[in-house]
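Trainee: This is what each chain is made of:
2 protein chains.
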Amino acid sequence: MSKIVVKFGGTSVANTERIINAAKLIKQKIDEGHTIAVVVSAMAGVTNDLIKKSKEIDQEFNAEEYDALLASGEQVTSTLFAGALRKLAIKSRSFQSWQLPIVTEGSHKNSRIVYVETSKLNASLDKGEVPVIPGFQGVTKDFRLSTLGRGGSDASAVALAKCINADYCEIYTDVEGVYTTNPDINPKAKKIDKISYEEMLEMATLGAKVMQSNSVQQAMMNDVEIHVRSTFSNKEGTQITNDQKISYDKVITGVAYSKDDAKITLQGVEDRPGIAASIFQPLYENNISVDMIVQNISSDHKKTDVTFTIKREDLKKSVELIKNNKEIKCEKIDYDDKVSKVSIVGAGMITHPGVAYKMFNSLAKEKINIMVISTSEIKISVLINEEQIQKAVAAIHSAFDLD
Amino acid sequence: MSKIVVKFGGTSVANTERIINAAKLIKQKIDEGHTIAVVVSAMAGVTNDLIKKSKEIDQEFNAEEYDALLASGEQVTSTLFAGALRKLAIKSRSFQSWQLPIVTEGSHKNSRIVYVETSKLNASLDKGEVPVIPGFQGVTKDFRLSTLGRGGSDASAVALAKCINADYCEIYTDVEGVYTTNPDINPKAKKIDKISYEEMLEMATLGAKVMQSNSVQQAMMNDVEIHVRSTFSNKEGTQITNDQKISYDKVITGVAYSKDDAKITLQGVEDRPGIAASIFQPLYENNISVDMIVQNISSDHKKTDVTFTIKREDLKKSVELIKNNKEIKCEKIDYDDKVSKVSIVGAGMITHPGVAYKMFNSLAKEKINIMVISTSEIKISVLINEEQIQKAVAAIHSAFDLD
Numbered sequence: 380m381s382k383i384v385v386k387f388g389g390t391s392v393a394n395t396e397r398i399i400n401a402a403k404l405i406k407q408k409i410d411e412g413h414t415i416a417v418v419v420s421a422m423a424g425v426t427n428d429l430i431k432k433s434k435e436i437d438q439e440f441n442a443e444e445y446d447a448l449l450a451s452g453e454q455v456t457s458t459l460f461a462g463a464l465r466k467l468a469i470k471s472r473s474f475q476s477w478q479l480p481i482v483t484e485g486s487h488k489n490s491r492i493v494y495v496e497t498s499k500l501n502a503s504l505d506k507g508e509v510p511v512i513p514g515f516q517g518v519t520k521d522f523r524l525s526t527l528g529r530g531g532s533d534a535s536a537v538a539l540a541k542c543i544n545a546d547y548c549e550i551y552t553d554v555e556g557v558y559t560t561n562p563d564i565n566p567k568a569k570k571i572d573k574i575s576y577e578e579m580l581e582m583a584t585l586g587a588k589v590m591q592s593n594s595v596q597q598a599m600m601n602d603v604e605i606h607v608r609s610t611f612s613n614k615e616g617t618q619i620t621n622d623q624k625i626s627y628d629k630v631i632t633g634v635a636y637s638k639d640d641a642k643i644t645l646q647g648v649e650d651r652p653g654i655a656a657s658i659f660q661p662l663y664e665n666n667i668s669v670d671m672i673v674q675n676i677s678s679d680h681k682k683t684d685v686t687f688t689i690k691r692e693d694l695k696k697s698v699e700l701i702k703n704n705k706e707i708k709c710e711k712i713d714y715d716d717k718v719s720k721v722s723i724v725g726a727g728m729i730t731h732p733g734v735a736y737k738m739f740n741s742l743a744k745e746k747i748n749i750m751v752i753s754t755s756e757i758k759i760s761v762l763i764n765e766e767q768i769q770k771a772v773a774a775i776h777s778a779f780d781l782d
Numbered sequence: 380m381s382k383i384v385v386k387f388g389g390t391s392v393a394n395t396e397r398i399i400n401a402a403k404l405i406k407q408k409i410d411e412g413h414t415i416a417v418v419v420s421a422m423a424g425v426t427n428d429l430i431k432k433s434k435e436i437d438q439e440f441n442a443e444e445y446d447a448l449l450a451s452g453e454q455v456t457s458t459l460f461a462g463a464l465r466k467l468a469i470k471s472r473s474f475q476s477w478q479l480p481i482v483t484e485g486s487h488k489n490s491r492i493v494y495v496e497t498s499k500l501n502a503s504l505d506k507g508e509v510p511v512i513p514g515f516q517g518v519t520k521d522f523r524l525s526t527l528g529r530g531g532s533d534a535s536a537v538a539l540a541k542c543i544n545a546d547y548c549e550i551y552t553d554v555e556g557v558y559t560t561n562p563d564i565n566p567k568a569k570k571i572d573k574i575s576y577e578e579m580l581e582m583a584t585l586g587a588k589v590m591q592s593n594s595v596q597q598a599m600m601n602d603v604e605i606h607v608r609s610t611f612s613n614k615e616g617t618q619i620t621n622d623q624k625i626s627y628d629k630v631i632t633g634v635a636y637s638k639d640d641a642k643i644t645l646q647g648v649e650d651r652p653g654i655a656a657s658i659f660q661p662l663y664e665n666n667i668s669v670d671m672i673v674q675n676i677s678s679d680h681k682k683t684d685v686t687f688t689i690k691r692e693d694l695k696k697s698v699e700l701i702k703n704n705k706e707i708k709c710e711k712i713d714y715d716d717k718v719s720k721v722s723i724v725g726a727g728m729i730t731h732p733g734v735a736y737k738m739f740n741s742l743a744k745e746k747i748n749i750m751v752i753s754t755s756e757i758k759i760s761v762l763i764n765e766e767q768i769q770k771a772v773a774a775i776h777s778a779f780d781l782d
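Read top to bottom, the protein sequences are chains A and B.
Each residue of the first sequence is one higher than the last, beginning at 380 in this note's numbering.
Each residue of the second sequence is one higher than the last, beginning at 380 in this note's numbering.
Worth flagging that the hints you see were computed from the coordinates, not collected in a lab.
You may find that some hints are simply not true.
If several chains are the same, the list does not tell them apart, and a pair holds so long as it fits within one copy or across any two.
Straight-line alpha carbon distances no greater than 25 angstroms define the calculated DSS-like cross-link-like pairs of lysine-lysine that follow [what the hints assert, rightly or not]:
(1) Lys681 to Lys432
(2) Lys711 to Lys690
(3) Lys638 to Lys520
(4) Lys770 to Lys506
(5) Lys406 to Lys431
(6) Lys573 to Lys506
(7) Lys434 to Lys681
(8) Lys541 to Lys711
(9) Lys520 to Lys499
(10) Lys431 to Lys470
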């Protein structure tokens, strides 16, 4: 008998029929003897419609009013969900964030939960009720509605699970879990049963289809176990948990990739202390995030090549910034916006030698050229021509026995 | 320079374009130097859509969740409206009912405002802001959302006008004001410039197109002057006010009628003390409201006829209740569901003799038979065949120089 926070995403509560189905899932868990609190997203499409309305009125719509506007979406779902549970003879009520309260800090549109007052929630759970909480929102110290930014309902569920000491947090969504790679580009992709928080974070784009990184990070920091599964299937999903609870029988856990990268190379840069800072400071100041960075040791200790990747949409601006940067002296600026990053991720690779070799070899066999390599403890990433991405993922996926 | 509470109905804020237009109306008033607080309804159609969703889940949807569900409608409008004002460079913010708070009592779905905490509102007005408040709602003492029943946004506006000591309350809607009769059945109907609360209440169905009776009653009790006007026209609307502020140059103010009446006559009822109570108690207990009641004095003081009218939809139930009522002994129960009530209303009639005669005479000329007559100080109502309603209204409207 567990205490579980169950969260339903927008597609799982897209209409009243689906809300009724989701309520039936909760009834099963209640019948099995579990104690449940529910967190809901806005019904699919509702948030986008509200954003559209705000933009029709003002492209720069006031952030405080925007938050109070968007918060209505989850409010609606929470009341309908509580009503659907009551229809199934389950005691339930909705708690709006200001009724508990769930207190947030930080700027509007992108707040973070700092405190959940649990007295009312615990009283409700003690009575055998299922409290239903709108995700994605809270109230500021000034008692104004605030929202949590993208994926915010997951963050609400994780915060709630921590505050009421839930055994785990179950995330119902429209995918069956986290896959070894994207099934759309590789039909041999397999669902991962267990994955560590760290691996999930390194999976980046693969993971993002399932949960936003900041929610995974919160879960990791508070050791909240997460079960991701689909509302539309009975299959067990993926557990995201502490790596000590996982036995690594595979060397790597998954093959991730991204498709919107661009690469910039500064050739023959004058090599002096502080040069890297000079290059990246203006990018940072312009809110451009840099992903991979590689600097070769210059043979004569006077000149070096620096390569880094950024989001494709930031390429033009980045090149401009570098050209206009008088602190950088280099022979040539080279750039390419037809590149993609392929990564292997796995906490198991730490104890297995030859992982990098195996990855590079599988790419070589397919005549795929590697432009840049970067590594971390549980991840190896390479930059390749974007046209070869599908072939590369398939080759690596097979090489590491993930098929 | 007045302090005004301005309320916009659902059609006046039906989409973002109309919200922008309504915001421009507020800007005009601000530019003229007025101090304004805004009350908004849900965008037209939104409340019905939410009710539909609740019924899809449960025909007997829980009242507390229903209120929190519906309250989201006005929340959305209030934030969009505040955003639209800011776009016009007017300082503004929304205040949800729980942020002030607006405290209600009574059952969910049909609460009434008992208290508005005005400290935040007054602070906002003092700063030169336009506070925007969602109508139709409040919070209970238990801090749950509650709604005010039909026409509730008008009630919010009136309560607010009273609590912040507004000079008057302006109701923007989709009609230009209160008419001497329904323009749809009589093209000679004219807009009334000023009408007293009492007359407005007696106008019943005519008035209901403009404002619900309970809001008018609240306005009367708190002496809140109301200006009703259309968002879609520049014309002055109708002022609903204290009768001392009106000079009655016409004998009557308007001709009202209703079309969903039915009449029941108990012939030869045993005439004894308490018989009226015996007849009407079971109707009251079954929530059937009785409108006109006429009892003739019996010539021999032993038997009498009692006639009364009810809503047409309650006819069958009412007849059953009377037939099954063993305390009533009568010779015959007669009923008719093809009747309509026509009323003349006017505070001016008190000082004018012959008003009743003039009304009856105008009907007689058109060969319209009067079934039942009932009178109050500022109203005379007659029951006629429903087919003659249009002819009757036209005849009376002309007879009293309203054309």
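Trainee: Does each hint hold? Answer for all of them.
Mentor: Going through the hints against the structure:
no.	hint	result
1	Lys681 to Lys432	neither (57 angstroms within a copy, 71 angstroms between copies)
2	Lys711 to Lys690	within (21 angstroms within a copy, 89 angstroms between copies)
3	Lys638 to Lys520	neither (41 angstroms within a copy, 54 angstroms between copies)
4	Lys770 to Lys506	neither (56 angstroms within a copy, 64 angstroms between copies)
5	Lys406 to Lys431	between (36 angstroms within a copy, 24 angstroms between copies)
6	Lys573 to Lys506	neither (34 angstroms within a copy, 56 angstroms between copies)
7	Lys434 to Lys681	neither (53 angstroms within a copy, 76 angstroms between copies)
8	Lys541 to Lys711	neither (52 angstroms within a copy, 74 angstroms between copies)
9	Lys520 to Lys499	both (19 angstroms within a copy, 15 angstroms between copies)
10	Lys431 to Lys470	between (36 angstroms within a copy, 22 angstroms between copies)
The structure fails hints 1, 3, 4, 6, 7 and 8 (numbered hints given earlier, in ascending order).
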